[in-house]
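Peer 1: So the sequence lines, in the order shown, correspond to chains A and B. In terms of our numbering, the first sequence opens at residue 1 and continues consecutively. In terms of our numbering, the second sequence opens at residue 1001 and continues consecutively.
Worth flagging that the hints you see were computed from the coordinates, not collected in a lab. Hints should not be assumed to be uniformly reliable.
[Stated by the list, open to error] In the DSSO-like style, the derived pairs of lysine-lysine whose C-alpha atoms are separated by at most 30 Å in a straight line are: (1) LYS1217/B x LYS75/A; (2) LYS1016/B x LYS143/A; (3) LYS13/A x LYS1016/B; (4) LYS1217/B x LYS151/A; (5) LYS59/A x LYS1216/B; (6) LYS1220/B x LYS36/A; (7) LYS1017/B x LYS75/A; (8) LYS1100/B x LYS59/A.
[Unchecked claim] Only part of the chain B face toward chain A is listed, based on derived beta-carbon distances under 8 Å: (9) SER1014; (10) LYS1017; (11) PRO1073; (12) TYR1075; (13) ASP1077; (14) PRO1082; (15) GLU1123; (16) PHE1128; (17) GLN1209; (18) ALA1210.
[To be verified] Pair ranges (Cβ atoms, derived): (19) GLU1186/B x SER185/A: 46 to 52 Å; (20) GLY195/A x LYS1161/B: 31 to 37 Å; (21) THR2/A x ARG1196/B: 38 to 44 Å; (22) PHE175/A x GLU1099/B: 49 to 55 Å; (23) PRO163/A x ARG1196/B: 53 to 59 Å; (24) ASN1203/B x ASN191/A: 30 to 36 Å; (25) PRO1181/B x THR2/A: 57 to 63 Å.
The model shown is predicted, which means the values in this text are computed figures rather than measured ones. Virtual Cβ for every residue (Gly too), placed ideally from N, Cα, C.
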Amino acid sequence: MTTKNAAIWDGSKPENTTAKLIYDSFKQALTKKGWKTQAIQLSEVSIAPCQGCFHCWIKTPGECIYRDYGRETTKMFVQSDLIITITPVTFGGYSSILKKAFDRIIPSILPFFTQIEGETHHEARYEQHPKFLMIGILPQEHKLKEEIFKKLFYRNALNMHSPSYNVKVIYEDNFNKNSADNVVSELLQKNGVKGNEE
Amino acid sequence: MKSEKQKVLLLVGSPKKKQSASYALGTYLLEQLQRDRLQTETLHIYSFIYKNNTLEQLYQSFEDSDIIILSIPLYVDSIPSPVIQMMEYVAKKRVENREKIQQFMVLINCGFPEAFHNYTAIEICKCFSDECDFKWLGGFPLGGGPIVNGRTLTDVGRLGKNARKALKIIATSIGDAEPIPIEAKEIMTKSVIPARIYRFMGNIGWKRQAKEFGVKKKIKNRPY
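Hey, can you work out the whole structure from these sequences and the hints?
Peer 2: Structure, rendered in structure tokens:
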């Protein structure tokens, strides 16, 4: 029986209690299922902005030249079977905290261009890619921001060659532990995330 | 132009600063605008992110400006994290004071040949603009940005002709205080090189660069 690996990245600020509820709920649910889980508060780790140098493609292939936590998050991304990211929906996109980790993910793909469904994308570096779940948090319903957020996520999932992916936007109004557990349960079930013995 | 003393701020959101396509596009636009005797300023966002608390200094220029031009590269289908950090800061400040009427636009370029990869990022920029109650002038996407890197938009000759034409239209509209016509975006998005040729030449370029660093045979390494 192979133990599955999951990574949970919270891209919110420490005071975001809604994000913490979801983060804790995912941790508990996955641990209960026997998954090995690495859960990170991205606001607490040091990840320098991507310099756009492309050395991770042409000088130190597959690895960023900066020796900070950005290397760890890339490694986590590559080695996980499931990646879960949590962020406040920021102008319809991701928070700067989450985005700094994503910007440093490009060592996990190749520089070479290829065509996927008529569009140019980068070739995959690895054969296996994690399932990808994204949870966006809004204070209340905002259809336009949700629409942009989901579009962004689907573009990312395509570029990251994710085998399966799902995004959910939740609202902070009346959100509690029960709400978090329900959201987590729904997403894990929808994405076929099972226990090691199932 | 309604006022002689309008201030235009160019914010360059690339870590490559003056060597970037973002800088080349933004400065070309500023050059077209300067003919109307505007006061202009150029700032590099990354210069304000590495140090603590200097977004406040950037904001001092931001809040004094009548027109803000953001010129950025596309990172992972959207906006580089330091630029988002700046946007988060500005949005918070604008909640406190949105008396000044300010206009905002974005130029965005990507490494893929197709300009449409930039569209979601433009929507995010518009969302930011609306949240800050700026007057949105538009978002203008360019594919094949690396063609420009390190050179001016004039120096790249034929490869920059569509971008130059579009930026001139944008500059004229801003100068006349008129809406920027859709034509500017349509021209900018037109490829100067067919996508398949861009991919082919690009892939040769990656191999060449890897060879220069002595890692051509390791380019597909899987360290993790």
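Peer 1: Hints first: check each against the structure and report whether it holds.
Peer 2: So, going through the hints one by one against the coordinates:
Taking the CA atoms of LYS1217/B and LYS75/A, the gap is near 22 Å; set against the 30 Å cutoff, the hint holds. Only pairs whose Cα atoms come within 30 Å are accepted, and LYS1016/B paired with LYS143/A is rejected, the gap being roughly 35 Å. Taking the CA atoms of LYS13/A and LYS1016/B, the gap is near 28 Å; set against the 30 Å cutoff, the hint holds. With a CA separation close to 36 Å, the supplied pair LYS1217/B and LYS151/A exceeds the 30 Å bound.
This hinted pair checks out: LYS59/A and LYS1216/B have alpha carbons roughly 9 Å apart, not beyond 30 Å. The suggested pairing of LYS1220/B with LYS36/A holds, with an alpha-carbon distance near 28 Å, which does not exceed 30 Å. Between LYS1017/B and LYS75/A the CA atoms are separated by roughly 29 Å; this keeps the pair inside 30 Å, and the hint holds. Among the hinted pairs, LYS1100/B with LYS59/A is inconsistent with the structure: their alpha-carbon atoms are about 47 Å apart, more than 30 Å.
Given the 8 Å rule on beta carbons, the hint for SER1014/B holds: about 7 Å separates it from the nearest Cβ of chain A. The criterion of a C-beta within 8 Å of any C-beta in chain A is not met by LYS1017/B, whose closest approach is roughly 10 Å, and the hint is violated. Hint status for PRO1073/B relative to chain A: holds, with the closest Cβ pair at about 7 Å, below 8 Å. Of the supplied interface hints, the one on TYR1075/B holds, with its beta-carbon coming within about 5 Å of a beta-carbon of chain A, less than 8 Å.
A cut of 8 Å between beta carbons decides the hint on ASP1077/B: the least distance to chain A is about 4 Å, and the hint holds. Restraint check, PRO1082/B versus chain A: the minimum CB separation of about 5 Å is within 8 Å; hint holds. The beta carbon of GLU1123/B is positioned within 8 Å of a beta carbon in chain A (closest approach about 5 Å), and the interface hint is therefore held. Hint status for PHE1128/B relative to chain A: holds, with the closest Cβ pair at about 4 Å, below 8 Å.
The interface hint given for GLN1209/B holds, since its Cβ lies 4 Å from the closest Cβ of chain A, which is under the 8 Å cut-off. The closest approach between the C-beta of ALA1210/B and any C-beta of chain A is roughly 5 Å, which is under the 8 Å cut-off, so the hint is satisfied. A hinted range of 46 to 52 Å for the beta carbons of GLU1186/B and SER185/A is consistent with their spacing of about 47 Å. The hinted window of 31 to 37 Å between GLY195/A and LYS1161/B is violated, with their beta carbons roughly 59 Å apart.
Our hint of 38 to 44 Å for THR2/A and ARG1196/B holds, since their Cβ atoms are close to 41 Å apart. The hinted window of 49 to 55 Å between PHE175/A and GLU1099/B is violated, with their beta carbons roughly 34 Å apart. The given range of 53 to 59 Å is broken by PRO163/A and ARG1196/B, whose C-beta atoms sit roughly 27 Å from each other. Taken as a hint, the range 30 to 36 Å holds for the pair ASN1203/B and ASN191/A, whose Cβ atoms sit roughly 34 Å apart.
The given range of 57 to 63 Å is respected by PRO1181/B and THR2/A, whose C-beta atoms sit roughly 58 Å from each other.
Checked against the numbered hints given earlier, this structure breaks hints 2, 4, 8, 10, 20, 22 and 23; the rest are met.
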